[in-house]
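A.B. asks: Here are the chains, one letter per residue:
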Amino acid sequence: MDMNAYLSMFIDESNDHLQALNENLLRLENEPEDLSIVQSIFRSAHTLKGMSATMGFEDLASLTHEMENVLDLVRNSKLKMDSFIFDTLFKGLDALESMVQDIVAGGTGKADVTAIVASLQSIVKGDYKTAGNEATTVSAGAAPGQTRLLDEFQTSVIQQSIDSGHNVYFIEVEVREDCVLKAARAYMVFDLLGKNGEIIKSEPSVTDLEQEKFDRSFSVFTISTMSQEELESQIAAISEIEKVSVVLLDLESLAMLNSAAAAAEAAPAASAVPAQPEIAAEAKAEAGKQVSAARSQAAATSAPPAVSRTIRVDIDRLDALMNLFSELLIDRVRLEQLSSEIRRNDLTETVEHMTRVSSDLQNIVLKLRMVPVDSVFNRFPRMIRDLAKTLDKKIDLVITGADTELDRTVIDEIGDPLVHLLRNSVDHGIETVEERLAAGKPETGTIHLRAYHSGNHVFIEVEEDGRGINREKVLQTAIKNGVVTEDQAKQLTNEEIHMLIFAAGFSTADKISDISGRGVGLDVVKSKITSLGGNVTVDSALGRGTKFAVQLPLTLSIISAMLIKLGSEKYAIPLSSIVETGIIQKEQILHVHGNRMIHFRNAVIPLVSLSKVLDSPDFNEQMESETEIVVIRKGDKWAAVTVDEFIGQSEIVLKSLGKYLTNIEAISGATILGDGQVALIIDPNALIK
Amino acid sequence: MGEELKVIVFSLAHEEYGIEVDKVRTIERLSPITRVPKTFSFIKGVINLRGIVVPVIDLRGRFGLEEAATTENSRIIVVAVNDMEVGFIVDSANDVVDIDTDSIDLPPEIVGGIKAKYLRGIAKFGDNRLLIMLNLSEVLNKSEVIQLEQLEV
Chain F
1 MDMNAYLSMF IDESNDHLQA LNENLLRLEN EPEDLSIVQS IFRSAHTLKG
51 MSATMGFEDL ASLTHEMENV LDLVRNSKLK MDSFIFDTLF KGLDALESMV
101 QDIVAGGTGK ADVTAIVASL QSIVKGDYKT AGNEATTVSA GAAPGQTRLL
151 DEFQTSVIQQ SIDSGHNVYF IEVEVREDCV LKAARAYMVF DLLGKNGEII
201 KSEPSVTDLE QEKFDRSFSV FTISTMSQEE LESQIAAISE IEKVSVVLLD
251 LESLAMLNSA AAAAEAAPAA SAVPAQPEIA AEAKAEAGKQ VSAARSQAAA
301 TSAPPAVSRT IRVDIDRLDA LMNLFSELLI DRVRLEQLSS EIRRNDLTET
351 VEHMTRVSSD LQNIVLKLRM VPVDSVFNRF PRMIRDLAKT LDKKIDLVIT
401 GADTELDRTV IDEIGDPLVH LLRNSVDHGI ETVEERLAAG KPETGTIHLR
451 AYHSGNHVFI EVEEDGRGIN REKVLQTAIK NGVVTEDQAK QLTNEEIHML
501 IFAAGFSTAD KISDISGRGV GLDVVKSKIT SLGGNVTVDS ALGRGTKFAV
551 QLPLTLSIIS AMLIKLGSEK YAIPLSSIVE TGIIQKEQIL HVHGNRMIHF
601 RNAVIPLVSL SKVLDSPDFN EQMESETEIV VIRKGDKWAA VTVDEFIGQS
651 EIVLKSLGKY LTNIEAISGA TILGDGQVAL IIDPNALIK
Chain Z
1 MGEELKVIVF SLAHEEYGIE VDKVRTIERL SPITRVPKTF SFIKGVINLR
51 GIVVPVIDLR GRFGLEEAAT TENSRIIVVA VNDMEVGFIV DSANDVVDID
101 TDSIDLPPEI VGGIKAKYLR GIAKFGDNRL LIMLNLSEVL NKSEVIQLEQ
151 LEV
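Line order of the protein sequences matches chains F and Z.
Residue numbers for the first sequence follow full-length UniProt numbering, beginning at 1 and rising by one.
Residue numbers for the second sequence follow full-length UniProt numbering, beginning at 1 and rising by one.
Don't take every hint at face value.
[To be verified] Below are the SDA-like pairs computed for lysine to any residue, each with C-alpha atoms no more than 20 Å apart in a straight line: (1) F:Lys659 - Z:Val139; (2) Z:Lys38 - F:Lys547; (3) F:Lys565 - Z:Ile33; (4) F:Lys612 - Z:Lys38; (5) Z:Lys38 - F:Phe619; (6) F:Lys659 - Z:Glu85; (7) F:Lys473 - F:Lys547; (8) F:Lys570 - Z:Leu49; (9) F:Lys570 - Z:Ser31; (10) F:Lys659 - Z:Phe42; (11) F:Lys689 - Z:Val96; (12) F:Lys689 - Z:Lys38; (13) F:Lys655 - Z:Met84; (14) F:Lys659 - Z:Leu49.
Everything labelled a hint here was simulated from the structure, so no lab data went into it.
Whenever a hint applies, use it, and build me the whole structure from the sequences.
C.D. replies: Below, the structure is given as structure tokens:
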């Protein structure tokens with residue numbers, strides 16, 4: 001079997017599965033109880049393993065196999081996800097991704113994954129954090145060491161103590177997740193209890209606690225002279241203790257405890273947590289969650305996620321389809337002309353019908369090239385998660401409008417600028433947790449990534465609730481870096497100052513960081529978006545956040561343009577750079593230092609002769625007493641361009657002039673008009689010097 | 001005997017030229033040409049070739065021959081070389097012949113005023129007809145033209 005024939009399919013599908021793995025892992029991190037997510041992760045991993053083994057990528061298959069083992073345990077509730085497992089799985093995913101990239105680049109997909117495999121195996125064996133899992137495991141069968149119940153001797157001691165009026169407490173302590181010296185904290189608790197009374201029993205055992213063989217919580221039966229409140233507050237005062245609950249035991253609850261123990265023994269599958277009233281309730285909640293998880297799982301299988309049914313098509317074929325279609329359009333126009341000349345009813349009807357069908361067809365053909373922005377957005381949640389972790393910030397990324405569609409060509413180009421903007425928001429926008437709390441904001445920052453349609457454009461916004469742009473700081477830096485002079489700075493509006501951050505070589509970051517801050521980010525973003533025919537603006541309020549809005553044309557292959565005539569020749573001017581059109585008299589033309597200028601809205605702007613720029617063979621506006629002008633703009637510079645005649649506004653299909661004709665002055669491309677003729681598209685930026 | 005080569009024969013200023021058939025995309029009648037400003041004078045402009053915009057050059061102008069008005073017989077031969085598609089305006093295109101690669105001789109220094117570097121060689125075929133084989137990548141090489149223009153200026 002020739003594997004090469006399947007390679008591209010393999011690469012496409014692996015990328016899909018890796019993306020699905022990534023997304024689902026992120027979801028699972030938020031809802032660790034939802035087993036249906038684990039199921040779909042498991043399925044993706046399993047398919048990936050099978051595919052890579054078939055294709056002979058052994059390393060890929062073996063790493064996936066190890067990940068699958070871990071997931072299998074989680075799926076069967078034998079293992080509970082924690083941050084260590086998540087991190088290891090994410091690392092595994094990264095390794096898988098780089099292997100697939102290697103295969104894409106023509107490599108063999110081999111990589112050294114022993115470290116990740118080793119940690120995955122230790123998770124499976126359960127010795128990466130020995131005791132932890134047992135305490136949290138729900139199934140009694142998987143936790144044979146479950147001995148929280150008191151033995152006869154301990155029960156009788158407690159009974160006697162209660163009878164003689166002593167206070168007996170059941171204490172549950174939970175240390176913080178990021179606690180470094182768990183054993184030391186446990187010791188401090190025991191020390192406190194020992195000073196004020198006697199410890200009857202602890203779970204896990206004291207030896208295990210000393211060796212740090214516990215997850216985050218431990219429980220203690222103690223006889224103490226202190227009151228319930230006192231005990232609780234003193235334990236809570238020990239640092240790095242997350243939660244403490246102290247329950248006063250009486251004979252009744254002790255009896256319940258023991259009867260629950262009996263019940264647990266009789267039904268080994270049932271929850272084996274001590275029958276302390278509160279805890280029993282917790283166990284019920286736990287069971288409830290499991291039921292709901294099972295239910296949602298059932299729902300997931302009965303109604304599979306709305307995966308659109310697609311086929312993969314080579315983009316060249318789409319281009320060919322588009323070309324053939326535009327030819328058809330040209331023939332249509334000719335047929336319409338002919339039928340109006342011939343004036344035969346059935347011919348006219350047929351042509352009209354064809355016109356309707358072909359305009360429907362046109363819509364479909366144009367839509368074929370549209371891709372949802374999701375294909376760019378889907379890698380951002382993971383990126384933000386990783387960035388936030390490195391920078392030790394808490395950030396939520398909220399994506400809306402991921403189904404907004406854009407032309408394939410724009411989609412391919414928009415990824416990098418968005419990465420820049422998002423990195424900028426994470427690094428410079430969102431504050432650290434301490435700063436946020438100090439400013440009275442929630443400790444988790446939010447970044448909104450929105451996409452939506454508006455007219456012939458698509459807007460993508462990146463908005464965060466961070467510190468906002470510091471106007472004074474921006475001005476100082478801009479003056480220091482020579483972007484503006486001090487005199488200019490005084491006249492700038494707020495918006496203009498915000499736009500300064502897009503200037504080349506500008507960065508207000510005090511420190512240069514890995515993430516951003518070399519001052520090469522935002523100006524690259526701006527030039528990239530401008531080259532796509534788009535625009536980027538920024539809006540900011542100090543202390544409240546910043547919003548970047550990127551405006552993009554719906555498609556690069558079809559643009560709105562103004563068609564104009566220059567003698568016998570026709571040209572197209574992109575509508576996006578036209579300010580307005582008008583007519584001027586010859587007398588209105590001013591001569592300033594040898595240049596021709598005109599008055600336009602309280603400003604004097606240069607007048608450019610298109611016929612001169614294009615060496616027009618049969619038109620010269622000097623001969624006319626009245627001239628049509630098109631006012632164009634490039635950034636904040638304006639110019640008036642003289643033309644012969646306006647034809648009108650039209651949607652045109654962009655065509656390149658081919659490789660033989662490159663760098664033609666003032667011409668950016670060509671289009672084919674309804675009559676089959678080629679018209680050149682004028683590059684307005686070249687007309688403004 | 002060398003290999004057989006299928007060649008399109010066209011005429012230009014009373015000479016017969018040949019281009020290998022596999023380099024020729026299509027032969028078209030003249031269609032309206034849109035002028036492209038600010039380029040070499042031999043680049044006549046662009047045409048719409050079934051939805052693709054193709055530049056057209058006048059081979060007479062390219063070879064420094066005197067340009068002539070187009071006639072009923074004028075044709076545009078569209079060739080594809082090095083990822084470029086370019087149309088040549090020729091006086092007429094009328095034949096496809098098989099020639100033997102062994103019969104292609106190296107070109108003499110000057111043939112009808114055309115620099116030898118544009119030529120692949122001279123092929124004899126039929127009853128003593130001579131066919132000038134073009135070296136297409138040199139014909140489409142613009143950097144040499146730019147140098148020439150700079151010399152003239």
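A.B. asks: Confirm or reject each hint.
C.D. replies: Hint check:
1. Using a Cα cut-off of 20 Å, the hinted pair Lys659 of chain F and Val139 of chain Z holds, with the two alpha carbons roughly 15 Å apart.
2. Taken as a hint, the Lys38 of chain Z and Lys547 of chain F pair is broken in the structure, with Cα atoms around 44 Å apart against an allowance of 20 Å.
3. Restraint check: the Cα-Cα separation between Lys565 of chain F and Ile33 of chain Z comes to about 16 Å, which is no more than 20 Å; the hinted pair holds.
4. With a CA separation close to 11 Å, the supplied pair Lys612 of chain F and Lys38 of chain Z stays within the 20 Å bound.
5. A C-alpha spacing of about 16 Å is found between Lys38 of chain Z and Phe619 of chain F, which places the hinted pair at or below 20 Å, so the restraint holds.
6. For the suggested pair Lys659 of chain F and Glu85 of chain Z, the alpha carbons sit about 8 Å apart, so the restraint of at most 20 Å is met.
7. At most 20 Å may separate the alpha-carbon atoms for a hinted pair to count; Lys473 of chain F and Lys547 of chain F meet this at roughly 18 Å.
8. Between Lys570 of chain F and Leu49 of chain Z the CA atoms are separated by roughly 18 Å; this keeps the pair inside 20 Å, and the hint holds.
9. Between Lys570 of chain F and Ser31 of chain Z, the direct Cα distance comes to roughly 16 Å. Compliance with the 20 Å bound is thereby established for this hinted pair.
10. A distance of roughly 17 Å separates the Cα atoms of Lys659 of chain F and Phe42 of chain Z; the hinted pair therefore holds under the 20 Å criterion.
11. With a C-alpha separation of about 52 Å, the suggested pairing of Lys689 of chain F with Val96 of chain Z is violated against the 20 Å cut-off.
12. Between the alpha carbons of Lys689 of chain F and Lys38 of chain Z the distance comes to roughly 18 Å, so the proposed pair stays at or under 20 Å and holds.
13. Only pairs whose Cα atoms come within 20 Å are accepted, and Lys655 of chain F paired with Met84 of chain Z is accepted, the gap being roughly 15 Å.
14. Restraint check: the Cα-Cα separation between Lys659 of chain F and Leu49 of chain Z comes to about 15 Å, which is no more than 20 Å; the hinted pair holds.
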